[in-house]
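**Student:** Below are the chains, spelled out letter by letter.
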Amino acid sequence: MSTEENIIEEKEPSSFRLIMTLGVAGFLSGLILVSTYLYTKPIIAQNKADALKAAVFEVLPGTARFTTMNWNGNQLTAVEDEQTIEGELVYFGYDSSGQFTGVAIPGEEGGYQDIISALAGYDPEARVIIGLKVLESKETPGLGDKIILDKDFQSNFKELSVDPEITVVKKGEKTSDNQIQAITGATISSNAIGRLLQKSMTQWKERIDEYNRSNPSSKVSDDAN
Amino acid sequence: MMQTEEQNTSQAMQELVKGIWKENPVFVAVLGMCPSLAVTNTAVNALAMGLATTFVLLFSSILVSLLRKTIPKQVRITSYIVIIATFVTVIDFTLAAFFPDIHKALGAFIALIVVNCLILGRQESFASKNNVRLSIMDAVGMSLGFTFALLCIGIVREVLGSGSLFGLSLFGPHFEPWIVMILPPGGFFVLGFLLLYFNWLTERRKKYH
Numbered sequence: 006m007s008t009e010e011n012i013i014e015e016k017e018p019s020s021f022r023l024i025m026t027l028g029v030a031g032f033l034s035g036l037i038l039v040s041t042y043l044y045t046k047p048i049i050a051q052n053k054a055d056a057l058k059a060a061v062f063e064v065l066p067g068t069a070r071f072t073t074m075n076w077n078g079n080q081l082t083a084v085e086d087e088q089t090i091e092g093e094l095v096y097f098g099y100d101s102s103g104q105f106t107g108v109a110i111p112g113e114e115g116g117y118q119d120i121i122s123a124l125a126g127y128d129p130e131a132r133v134i135i136g137l138k139v140l141e142s143k144e145t146p147g148l149g150d151k152i153i154l155d156k157d158f159q160s161n162f163k164e165l166s167v168d169p170e171i172t173v174v175k176k177g178e179k180t181s182d183n184q185i186q187a188i189t190g191a192t193i194s195s196n197a198i199g200r201l202l203q204k205s206m207t208q209w210k211e212r213i214d215e216y217n218r219s220n221p222s223s224k225v226s227d228d229a230n
Numbered sequence: 162m163m164q165t166e167e168q169n170t171s172q173a174m175q176e177l178v179k180g181i182w183k184e185n186p187v188f189v190a191v192l193g194m195c196p197s198l199a200v201t202n203t204a205v206n207a208l209a210m211g212l213a214t215t216f217v218l219l220f221s222s223i224l225v226s227l228l229r230k231t232i233p234k235q236v237r238i239t240s241y242i243v244i245i246a247t248f249v250t251v252i253d254f255t256l257a258a259f260f261p262d263i264h265k266a267l268g269a270f271i272a273l274i275v276v277n278c279l280i281l282g283r284q285e286s287f288a289s290k291n292n293v294r295l296s297i298m299d300a301v302g303m304s305l306g307f308t309f310a311l312l313c314i315g316i317v318r319e320v321l322g323s324g325s326l327f328g329l330s331l332f333g334p335h336f337e338p339w340i341v342m343i344l345p346p347g348g349f350f351v352l353g354f355l356l357l358y359f360n361w362l363t364e365r366r367k368k369y370h
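Listed in order, the protein sequences are those of chains Z and V. My numbering puts the first residue of the first sequence at 6, with every later residue one more than the last. My numbering puts the first residue of the second sequence at 162, with every later residue one more than the last.
Keep in mind that a hint or two might mislead.
Not close to chain Z: a few residues of chain V, all C-beta gaps over 12 Å, as computed [said to hold, decoys possible]:
no., residue
1, Leu177
2, Pro261
3, Arg294
4, Leu295
5, Ile316
6, Val320
7, Ile340
8, Leu344
9, Asn360
10, Lys367
Chain Z regions said to be covered by chain V (calculated; three or more residues, Cβ under 8 Å) [unchecked claim]:
no., segment
11, 16–22
12, 46–60
13, 103–110
14, 169–178
These aren't lab readings, by the way, just hints derived from the structure by calculation. A quick note: this is a predicted structure, and the numbers were derived from the prediction, not measured. We put the CB at the ideal spot given by N, CA and C, even for glycine.
Sequences are here, hints too, so could you generate the full structure?
**Tutor:** Right, dumping it as structure tokens:
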């Protein structure tokens, strides 16, 4: 290779070539991402729906089946399509003999890292939270993820009164039924759960009461047919 | 001809082996500290992170090596990042679709593979200068070394911090787990001691050879 050729080769490539390289790289990358996204989207959605279904049974003890209910702005109506996971939804649970077991209410709240989404089991008659299942969280492993793993923290949600409102207190400072005992070292995540529950309750307490008042039959399943 | 082939094979083997021990990305090069400290609280998480990184490193290396003459050097880092980010997003979606539990456990750290210096480092210092065959060997070796290192840390932390290994309880119900080990400080302690141990091994070997 002669010196002249070397000099030519080391010349700066044109801006056009640089832009083209990045443009093509970006385009191909976009193509791969879109196809992966489209391919995995239904599977991910199915996983989420399955996880949600399992969670409903978990937060409402004794539930054998549930009806998905949608808030249409005025009232709660049953959703026919079981696959629906969009919209303002809650899940009315019933045991095997058709007895009403409670309402599972999904909620979201900003945690320490990212949005925490959880499902709360609510008994509108006793006005207590009877279960909580965190569906998605990116809280710190070993600290914030105790909102999922810590048995003591989970035991907060066996019979948590929703009146007058749900508050979070330090561990060992619980004085009344409406207080959640925070996890030591994970106050932000614990508070997020408290806010999440309180938000769900402000949003749904009245709506559910209203529905149960106007549809007393909802407490006994009308699924006889 | 035969000799060159033999040389080739021995060089390829060298590229493979160096990543596991002599140039181990974690214990020697001290790269990729973020996942090494953050997701090694259990052996399973460590293994999953190792495998996810392996996938990204292997395919990025192949592609970068194939395109090493096409990509102008002025935009190489940007191009590498685009390539790496693409594979990371693909593995992110794939894990979410087929291994939702692992995806949940690793959380944000899958997306953070993009900024793992180990991967960009191998593209810049190896794949962009060598042929595909050697680049694959290098990527596999480095990935094995990385996974091995993460597993070492993960196993120690899980055994001490949770009293279990791969989720199986080891010491029965009366074991009081050493919680600090699964917390961030535990990651630093274990990594520090392992670095000390590996440096000591290397020093000792130097002395006797």
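**Student:** Compare the structure with the hints numbered earlier in the document and write down the numbers of the violated ones, lowest to highest.
**Tutor:** Hints 2, 7, 8, 13 and 14 not satisfied by this model.
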